[in-house]
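First to last, the protein sequences are chains A and B.
In terms of our numbering, the first sequence opens at residue 326 and continues consecutively.
In terms of our numbering, the second sequence opens at residue 808 and continues consecutively.
Hints in this document: simulated from the structure, not taken from any laboratory.
Check before you lean on any hint, since a few could be wrong.
Said to hold, decoys possible - Below, computed lysine-lysine pairings styled on DSSO-like, alpha-carbon distance capped at 30 angstroms:
1. B:860 to B:955
2. B:894 to B:860
3. A:332 to B:955
4. B:860 to A:332
5. A:708 to A:662
6. B:964 to B:894
Claimed, not checked - Label-pair restraints from in silico Cβ distances:
7. A:644 to B:892: 25 to 35 angstroms
8. A:595 to B:867: 26 to 36 angstroms
9. B:964 to A:350: 34 to 44 angstroms
10. B:870 to A:340: 37 to 47 angstroms
11. A:636 to B:891: 39 to 49 angstroms
12. A:372 to B:871: 53 to 63 angstroms
13. A:665 to B:926: 15 to 25 angstroms
14. A:698 to B:875: 33 to 43 angstroms
15. B:919 to A:580: 26 to 36 angstroms
16. A:665 to B:811: 13 to 23 angstroms
17. A:348 to B:864: 21 to 31 angstroms
In this text, a Cβ means the ideal position worked out from N, Cα and C, and glycines have one as well.
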Amino acid sequence: MKHVTNKDWTDAVRERILSDGTALSSAGWAAVERRVRRSAALRHGGLAAAVLLPVIALLLWSPWRQAATPPAAPAPRLAESSGSVPPEPPASLRSGPLAATSPSNFIPGPASVIPDVIGDLPLAARPADNGVPADMDETAPSVAEEASPSFSGADSHHSPALTGEAEEGIPIRAWDEGKTARQRPRLALRVHAATAVRGVSVAGGMLPLTVMKQITEEGHWIEVGSAVSTGDDPSGAGDKVMVYVPSETKWVSETVQTPQAPVFPMAVGISLDVPISRHWALTTGLDYCQRPGNSVYNNQPQSLVVHYFGVPVEIHCLFWPESRFRVFAGAGVKVEKSLFVTGGEPLQDPFLFSANLQAGADVRILPGIRLYVAPVLSQFLNKSAYNNTWDTNPHVSLRMGMSFEL
Amino acid sequence: MDEQELAIRCARGDGAARRELYETYGSRLLALCRRYASDSAEAEDLMQDAFVKIFRVIGRFRWTRPSSLYSWMARVTLNLAFDSAKKRRRLARELADVESLSALPADEPGYDEAASVPLDVLQAMIASLPEGYRTVFNLYCIEELSHKEIAALLGIKERSSSASLARARASLARSIRQFLNGEGPFFVRGTFPKMKQ
């Protein structure tokens, strides 16, 4: 925009056109603000999806999932512990679908020892309950018979997984040997939505703020008494005596109702569940959340959106831990720190501590992936520097999310 | 709050600064949008879209001189107004149709003569130009873009932009001259005083 026009008739046209003021509609700013918020939400949602989708894809199609090869380790251990070497299956059996599997990978044992990949084999080649392929039962009974004594051998307690004693204590993947399914940590990706139980509504509402206001009192006369007669001139007796009080400027406090920033209190987080027993698990992670908060800056009330990062530590009790649908309850504490604000100037905000109780349920939708929902009742233990309804009232939030078994 | 501070605070997401930016420049941007939108609702929509984009990219604004914030905002708005490929194709097609506006040279009015034409008459004269010519005229004469910038914005050649401007100027000059002479479609006897001196 750097061209220079000569002062000709088009300049007159330009000046006339630009002199025309166009009035903005009263609802214009509200519409722009709404659009800005929507656009930001879409952008953040897209960003979150862009980050989460590869993670989900990685967890769903990760190499260790695909490479569910039969564990090679238990067989030698079986041989060592029992002191007897199970004979190799006859050559005729090796011509079957399992022939590609080396003898050392052939594991007599409970069906669950056999990796998932066997489910893809023809029915005849699938192992029976004793771990022997169905078509081997009659043709080579010696395999099962000779292997079975080793299960009850003196050292069989070294490999309980092979004995079938522990229904849950069965390693599924080579790298995970020795860990049961319930002992593996679960990576839980969470999305929370929060709303206040009482107090003001979540988006909007007014909060009282105390601001200092400077007022100037005009100079005025006040009556201080009546004049008395002095000596010879009694005429002034009884007149009012007035004193002039000059104008004065002073500060007074005033309570003003300030609207809360129209933002939906939303939290997202990532957390890690670490099982400590069959029913109990510890959870920790990192949460981000935004909440409205008001403050006074330079004696001006301001409506802000405060952005917090927090670390929760919770303990959960799982009911029916192995079933597809589970119920859980938990309690915990969370420490939060406001890192930045939007819509105004930040204040020095202390660490915020809160305690919470929750109960929820989750359902397995795919192997290793669960969806969960849990209402949470929280109470802050100290007050924020920002005026809000969150740290004074208990509030309920609804956590929803997805958890991935690592 | 000066331009620089306003832009910095808007980039930080300060709601009060954003509102101030809207209230300071909204009216001018709305007027700009009206010049390139088909109706007032579309203009309002365009202005709101422009502000959403401005708030998103204001971190990239670099202050160089007084009023550079408005120039930058106007440029963002113009880019948004002409980012539709369909609209650009329609304008380019219209500008290629050289027969739609006479290329005859006109007796151009002087500065004072043009300044004496009432605003609503001027607006009606500009509005009566075919859309492509009106767009080039507005971009060059009102927004003060160069032909190179207009060509890049509309996806046309520079030569096409200057030829279109010449035709638009000639047409507008004829309309103004007719009005000043008390003739033509924009002069309604008794409504406007005769401007001829």
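To see whether the hints hold, each was checked on the structure:
Of the pairs offered as hints, the one joining residue 860 (chain B) and residue 955 (chain B) holds, with about 24 angstroms between alpha carbons and a cut-off of 30 angstroms not exceeded. At most 30 angstroms may separate the alpha-carbon atoms for a hinted pair to count; residue 894 (chain B) and residue 860 (chain B) meet this at roughly 20 angstroms. Between residue 332 (chain A) and residue 955 (chain B) the alpha-carbon distance is near 21 angstroms, which keeps this suggested pair within the 30 angstroms criterion. For the hint linking residue 860 (chain B) to residue 332 (chain A), the alpha-carbon distance of about 35 angstroms lies beyond 30 angstroms, and the restraint is violated.
For the hint pairing residue 708 (chain A) with residue 662 (chain A), the CA-to-CA distance comes to about 12 angstroms; that is within 30 angstroms, so the pair holds. Taking the CA atoms of residue 964 (chain B) and residue 894 (chain B), the gap is near 16 angstroms; set against the 30 angstroms cutoff, the hint holds. The hinted range of 25 to 35 angstroms is not satisfied by residue 644 (chain A) and residue 892 (chain B), whose Cβ atoms lie roughly 59 angstroms apart. Restraint check, residue 595 (chain A) to residue 867 (chain B): a C-beta distance of roughly 31 angstroms satisfies the suggested window 26 to 36 angstroms.
Here the CB-CB span from residue 964 (chain B) to residue 350 (chain A) is close to 39 angstroms, well matched to the stated 34 to 44 angstroms. As the Cβ distance of residue 870 (chain B) to residue 340 (chain A) is approximately 26 angstroms, the hint placing it in 37 to 47 angstroms is violated. A hinted range of 39 to 49 angstroms for the beta carbons of residue 636 (chain A) and residue 891 (chain B) is consistent with their spacing of about 47 angstroms. Judged by the Cβ atoms, the range 53 to 63 angstroms given for residue 372 (chain A) and residue 871 (chain B) is violated: they are separated by roughly 31 angstroms.
Between residue 665 (chain A) and residue 926 (chain B) the CB atoms are about 47 angstroms apart, so this pair departs from the stated range of 15 to 25 angstroms. The beta-carbon spacing between residue 698 (chain A) and residue 875 (chain B), approximately 52 angstroms, falls outside the hinted interval of 33 to 43 angstroms. About 60 angstroms separates the C-beta atoms of residue 919 (chain B) and residue 580 (chain A), a value inconsistent with the hinted range of 26 to 36 angstroms. Evaluation of the 13 to 23 angstroms hint for residue 665 (chain A) and residue 811 (chain B) yields a pass: the beta carbon distance comes to about 21 angstroms.
A hinted range of 21 to 31 angstroms for the beta carbons of residue 348 (chain A) and residue 864 (chain B) is consistent with their spacing of about 27 angstroms.
Hints 4, 7, 10, 12, 13, 14, 15, counting from the list given before, are not met by this structure.
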